[in-house]
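Q: The listed protein sequences derive, respectively, from chains R and X.
For the first sequence, position 154 matches number 154 in the working numbering, and the numbering has no gaps at all.
For the second sequence, position 33 matches number 33 in the working numbering, and the numbering has no gaps at all.
Be aware that a few hints might be false.
If you want the ones that stay clear, here's a sample from chain X, every Cβ over 10 Å from chain R, calculated [said to hold, decoys possible]: (1) Arg91; (2) Phe112; (3) Arg217.
Listed below are several chain X residues computed to face chain R (Cβ distance under 7 Å; list not exhaustive) [unchecked claim]: (4) Leu160; (5) Phe163; (6) Leu191; (7) Ala193; (8) Leu205.
Covered, in the sense of this in silico footprint (three residues per stretch, anywhere, with C-beta under 8 Å from a C-beta of chain X), are these stretches of chain R [what the hints assert, rightly or not]: (9) 128-135; (10) 140-151; (11) 156-167; (12) 170-183; (13) 188-200; (14) 413-427.
It should be emphasised that the hints constitute simulated quantities derived from the structure, not laboratory data.
Think of the CB as a built atom: it goes at the ideal place given N, C-alpha and C, for glycine as much as any other residue.
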Amino acid sequence: MNELLVVAVLAAPLAGGLAAWGRRGRSAELVATGALGVAAVAALALGGLAFADGRLRAFGGLVVVDALGAALLVLTTIVAALAMAASPRYVRHEVASGAFRARDEGRYYALLLWFVASLLAVPLFDNLGLLWVAIEATTIVSAMLVGITRSPEAIEAAWKYLILGTVGVGFALLGTLLAYASSVRVLGESSDALNWTRLVSIAPSLDPNLLRLAFIFTLAGYGTKVGLVPFHTWLPDAHSQAPSPVSALLSGVSLVGALYALVRFHLVAVGGLGPAFSSTLLVVFGLLSLAVALPFMVRQEDLKRLLAYSSIEHMGLVTLGIGFGGPLALLGVILHIGLHALIKTSLFLSAGELVQQYGSRRLSRIRGTLVRAPVAGGTLGVGLILLGGLPPSGIFVTEFAIIVGGVVRGYALAAAAAASLLALAFIALAFHGTRLLWGRPVSGDVAVRTGRGMALRLAVPLLVVAILGLWTPGPLATALDAVRSVLGGSGG
Amino acid sequence: MSIDLVTAARLLDACSAGIVVMGVLIAATRSIGRAIWLLAVQGALLAVAALAIGLATGTTHIVVGGLATMATKAIAVPLILGRVLRQSPVRVERHPFLGPRASLVVAIVIVFAAAAAVDGAAFGGRLDAPNALPTAVAEVLTGLLIAMTRRKGLSIVVGLLVFENGIALTAFSLTYGMPLTIELGIAFDLLLAVVVVWVYARRMLTVLGSLSTDHLRNLRG
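Using the sequences and the hints, build the whole thing.
A: This is the structure we're talking about:
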């Protein structure tokens, strides 16, 4: 049963992609939706089973999904479904405006499905080497999506993403190798010497020097894919040039997948070296990302780049929270990742609407949206405010939990710095948001109509975020707590 | 066919020396075509080292890994890069950020620094091949040097592949490579990455009219 589900999760989007490649219009949309539907059902079932059992195994231990992996599976599925639902409208507009050539339609759906397959593969494997293979695959496939329009800017963004992503992930491979070298000495050449389940259990007997080096290399490597400063320079380009539904996947889950990989190494490092070493590094890089993203958000002129820098900011905050550790901050981190993904998805899709209708990404051009494009403008404005953390946004609760959690764990200074940076980021978002909503429209703009279906898709994630700020349903709380105990390691 | 462990270790050592020389030569050449040839030789040396270790220890997965290395790094990847080069109007790295002579000096410094800094025995290398780990570290750094100081897209990719070869050699010198599934997964990813680079190189040629990364200066801030 488990085996069947795993095969469905990976094979459905892979096969669907092959089938969609040469198709156009309605037929490509149907194939893609069907394939994604099968994968989504299977992934949700896998996630559910993993949550129910605590740890799900398949294929003789090749596949192991614990609560943390299950959470990533479910999150990826939700964002992928939202991105898929928004794709037909987006793609039709791109074809009509000439940005996509006719055959790019099928290619877009094929690549989107393969991207989703690679993202879903990330939390499945027990083996850190296969985890690396999955992460590298996400880079390669999504680089094709970033440059699909072939505009000079898109090609530049894709090229940078490909080169920096490959170097970064190369360092992660080096780190994986060092971890393997340290474990081979304890376990011998056994096939499970790179399995995180094994590594965590034998962590205290691993060579500390190798382990320290391994963590530094994986931090730089996967940190590049997470978008941690100073390895982030590809991120604003790639996230702003990608088709908007792809931007949602990149910001919402692709970054989180890399963070998941980093966390697996962090847990091994904590087990082998004690919490101080890797936690301190995570706190430093998290805080640095928060601080560097801020000025770029304040003086940003490009709507999608604004959202991209905000992703760097939020990944920094989440990394910081993982560095803090402790039940409160970790609980905040887990919920924060989910909420950020929901808001960012809605924001990138709203931004996509606006950018297509206004024919520009410039914030100085997209103004007075409440009059010109009330639906997409409204959801974008509300999303920005929720993202900033104004109550009742769930983001307020999670940010509060991370900050207080940091203080509790004795990181008062870092927590205070993070709180001030978050407050400034809120002001920046509010500033851009108000100009966007109420600013005087540039003359000559036409009114834009966004259909009811699309409006629903944009608004529902935001509504969920607002509700979760006020009330957490029982089952969700149980699930969050299960993930928290994984993230906290043996001591959490 | 079988080799004893000592011969295999010596072969690994000899191949490492060859790999270092290739790395230095790649750093010192302006001709992109020659760099691709040297890269192919470097890949072949890496594959020979892997095959020797695999045959000596009787480990199938290293033999398969060595064959995969030969197929991708010595043959497929250089062929793809050569194809891109033939379509490109520019065959020479004309104005790199660091000229060939300076690169040569830096590359040699890297080799000596790596040899001084990395003591293979301290990491408990599995084979008695003292050259291997310092070489691996030197290639990782040389690859980065090439990728960072060149302007042409193809030269940058050559640098990345030298970097990759350094990582692969690390795998052979620290452990007997990685388990087979992972070796194959890595080889597949590498091939895929080069194919995607190929696609983008063609797009850069058709849209921007050149493979020079000087045209990639639009996205800022």
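Q: The structure should be examined with respect to each hint, and the outcome stated for every one.
A: Comparing the hints with the structure gives:
1. Arg91: Per Cβ check, Arg91 of chain X is outside 10 Å of chain R; nearest 20 Å; holds.
2. Phe112: With a cut-off of 10 Å, Phe112 of chain X remains clear of chain R, as the shortest Cβ separation is near 21 Å.
3. Arg217: Given a closest Cβ separation of 8 Å, the condition is violated.
4. Leu160: Holds - the Cβ of Leu160 of chain X comes within 7 Å of chain R, reaching about 6 Å at its closest.
5. Phe163: holds, 6 Å
6. Leu191: violated, 10 Å
7. Ala193: Nearest chain R Cβ about 5 Å off; hint holds.
8. Leu205: violated, 10 Å
9. 128-135: holds (count 4)
10. 140-151: The restraint on the region 140-151 of chain R holds, since 6 of its residues have a Cβ under 8 Å from chain X and three suffice.
11. 156-167: That given contact holds, which follows from 9 residues of the region 156-167 of chain R lying within Cβ reach (below 8 Å) of chain X.
12. 170-183: holds (count 7)
13. 188-200: holds (count 4)
14. 413-427: Result for this restraint: violated, n = 0.
Going down the numbered hints, you'll see the structure goes against 3, 6, 8, 14, while the others check out.
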